[in-house]
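In this note's numbering, the protein residues as written are 142 to 238.
Hint data in this document are derived by calculation from the structure and do not stem from the laboratory.
On a predicted model such as this, the values are computed, not experimentally measured, just so you know.
Every residue gets a Cβ at the ideal spot worked out from N, C-alpha and C, and that includes glycine.
Misleading hints may appear alongside valid ones.
As the list claims (entries may be wrong) - What follows is a list of derived Cβ distance ranges for each label pair:
| hint | residue 1 | residue 2 | range |
| --- | --- | --- | --- |
| 1 | Gly223 | Leu185 | 24 to 32 Å |
| 2 | Phe210 | Leu163 | 23 to 31 Å |
| 3 | Leu217 | Asp189 | 39 to 47 Å |
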Amino acid sequence: MIEYLRTTGKRFLSLKKDKIQLKDCLLMWDNARPHTATDTREILTRRDVEPVKQSPYSPDLNLCDRFLFQKLKHLLREDEFGGHEEATLAVQRAMRR
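All chains should be modelled from the sequences, with the hints used to inform the complete structure.
In structure tokens:
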């Protein structure tokens, strides 16, 4: 956890140094209660932050992951696995391609 905080802090400082504006960022909107609160929405609107909303059919799947699963499905569509370990190894190999 401490290493994560150090890394995040360094990244924040580099963004601050580069003067990245919030309006230049996209917020991954996950429909969690704190993110949909009126105060949060007002702050984001005031700062011109554009939220990227999750599609309604799969709110628990991150938008970025959808592309990954589509690629894995294509790469592994003809493979058969004898068990969990074999499937795990095949996915790891496919992700290295």
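Worksheet item: Hints broken by the structure, by number, lowest first?
Response: Hint 1 is the one this structure does not satisfy, whereas the remaining hints hold.
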